[in-house]
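> Using the sequences plus the hints, can you model the full thing?
The lines below spell out each chain.
There are 2 protein chains.
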Amino acid sequence: MTITSREGSRQAGGAKRPTMSDVAARVGVSRPTVSMVLRGLDGPSEGTRQQVLVAAEELGYAPDLSARLLRRHRSLQLGVVFTMREPFHVELVEHLYSCVAARGYDLALGALTPTREQRHVVAELISHRCEALILLDTQDGTQSLASAAADLPVVQLACPVADKSRDVVRSDDAKGVRQAVDHLVELGHSAISHVDAGSRPGAVERRRGYRTAMKRHGLGDRIDIIRGDYTQEAGSKAATELQNRAARPTAVITANDDCAVGLIDSLLREHVDVPADISVVGYDDSRLARLPFVSLTTVRQDAARLAELAVDAALERLETGRSEAKKATLAPHLVVRATTAAPSS
Amino acid sequence: MTITSREGSRQAGGAKRPTMSDVAARVGVSRPTVSMVLRGLDGPSEGTRQQVLVAAEELGYAPDLSARLLRRHRSLQLGVVFTMREPFHVELVEHLYSCVAARGYDLALGALTPTREQRHVVAELISHRCEALILLDTQDGTQSLASAAADLPVVQLACPVADKSRDVVRSDDAKGVRQAVDHLVELGHSAISHVDAGSRPGAVERRRGYRTAMKRHGLGDRIDIIRGDYTQEAGSKAATELQNRAARPTAVITANDDCAVGLIDSLLREHVDVPADISVVGYDDSRLARLPFVSLTTVRQDAARLAELAVDAALERLETGRSEAKKATLAPHLVVRATTAAPSS
DNA sequence: ATGAAAGCGCTAACAG
DNA sequence: CTGTTAGCGCTTTCAT
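Taken in order, these protein sequences are the chains called A and B.
Everything in the first sequence is counted per my numbering, starting at 5 for the first residue and increasing by one.
Everything in the second sequence is counted per my numbering, starting at 5 for the first residue and increasing by one.
Source of the hints: derived by calculation from the structure; they are not laboratory data.
Note that the coordinates shown come from a computational prediction; the quantities given were computed from them, not determined experimentally.
Think of the CB as a built atom: it goes at the ideal place given N, C-alpha and C, for glycine as much as any other residue.
Keep in mind that a hint or two might mislead.
What the hints assert, rightly or not - One side of the interface only, derived from the structure: several residues of chain B facing chain A at Cβ under 10 Å:
(1) Met88
(2) Val94
(3) Gly224
(4) Ala243
Written as structure tokens, this is what we have:
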């Protein structure tokens, strides 16, 4: 076999990638045959199949997904809008990866960063022909999506927003916080504060759950909400605020695990002991909370299950054509570890 | 929705996406004209231009990147292989995003997760026709890339591996650790341990830097390396190991900031004070280290600059056809904060 | 300044 | 079981 001109002019970045025709030519079959072998369809005989696979391997053939997509009108990709800085998002995305893989789809990551806001990220995912969008954050509310993603299934994962037309998969955050309050009250606490997450997604619900639970225990007048965020820094700031007060609460329910850890660390540095001097509850049961030395009492969200439900919701729309919005709410549950104890009287 | 005129059965999702032909038809011009307007090329008159833009907007037209790529033979995408769980990677990726955007390229994220190893991730990026690869991790060494990415420019960012043909952009880790040792020695320490990152990328260099610096200070016989990792958990384990010893070192240089924080927190919980009882140095100067309540003495790597150099290296290969490997090494520098002090007694 | 035609790499539909 | 044909949505080249 003669050397083609292509293989001859091999340069940095210049080497042409082998195409399906190249593989076909090498084996002496037609393109469609190669296509079928590579996609694992049956039809081609075992002999051809082997030859094709060998040839593809030898040539270093890699399928061109763009061309495939163009022809098939299906990208089999789900777009995910998320924040890499948030560990819980990362955890969800990892689960999303395994879910979609098991169902023959793929994930296209659209990371929100300081330089890329939701509007931009969503447009990009749409241009890549994602078939559905899974949002882990709703940065500028629901607005910027309205036009762009009008025709696309959109699932909001763990970020409830008032949009009746959209699928929402989430944990019952109010209930989760209520469990935390119940736990603390049982331990004997009554001065229970809440460090919230301001206007971030989910914060409203957690705040409401806190208020409701406090009132139910007759502690309505002890309600104390400290403005925070889903970050360690916010927890640290909250610690400072607490230290500046005349009277410290005996327990704090934080916005999430990161916030809790920030709070605890700052307190430790000022020799305020957790849980001896103050009890702290996190939220998410992220990897962080489970670390042996953190051992945080926290409200567990089942990330794997949330991811699964979100993927199911998206694929259901795609494959069965469902068009009514579906809301799935999982029950969270409290995981008691080492950061909560009875108040020292 | 009801059945549309042209084709009866639609995929779930309903309305067919408008194509360039639709926009062209609406305005009454040809496809190429629309194409040029949308790409901002000059040629079309100002009148047509406006009409096209309006029509595109009204129809909710979004370009199909796959089709564009197929025709242009350029994806203008750089693939990034990284680990979402590592904060420093996240930081680098955020910088990469702004770098490539400024140069007219885009990023395709390939996240390594427990279910997706490097081999798979790289294959995926290649199938998406990325023009170059930026690796922030070399999970299974350099091997699995050999065949797949033979013809693709590959830049290793902050993960030096012995591959002479590849571009490498990194900090001089050995030097960074040396600065940390120097600092501690100046403070009066001599029992300085190192928690390393085992076989993770970069660990070898940092270990070597530690050894060299210790010897240079005549502390060759005090060399003490504790096996660790780039995680808070590893730091915590190291703390446990230290506590089990007869004599504790007075200072520890950790694998990275996460590891340092894990170490510090575990020590704090056992009422070992940092820096009073033991000094701790991190590595990376990540967001974590800069948090006011952490205020970690650490070795700063210039993430923004590293990202920039990596993108430059990749684009240089693509655009100028450079083919010799290029190694760029930045000088890190020590940032002294609150976790180091003179040894007590 | 604009249009017509060709074709990128692949797969669906049909022929043989 | 395998080959032929056509065309996805876009951009390039060339003609007008």
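> So which of the earlier hints does this model not fit?
Of the numbered hints given earlier, the structure breaks just one, which is hint 3.
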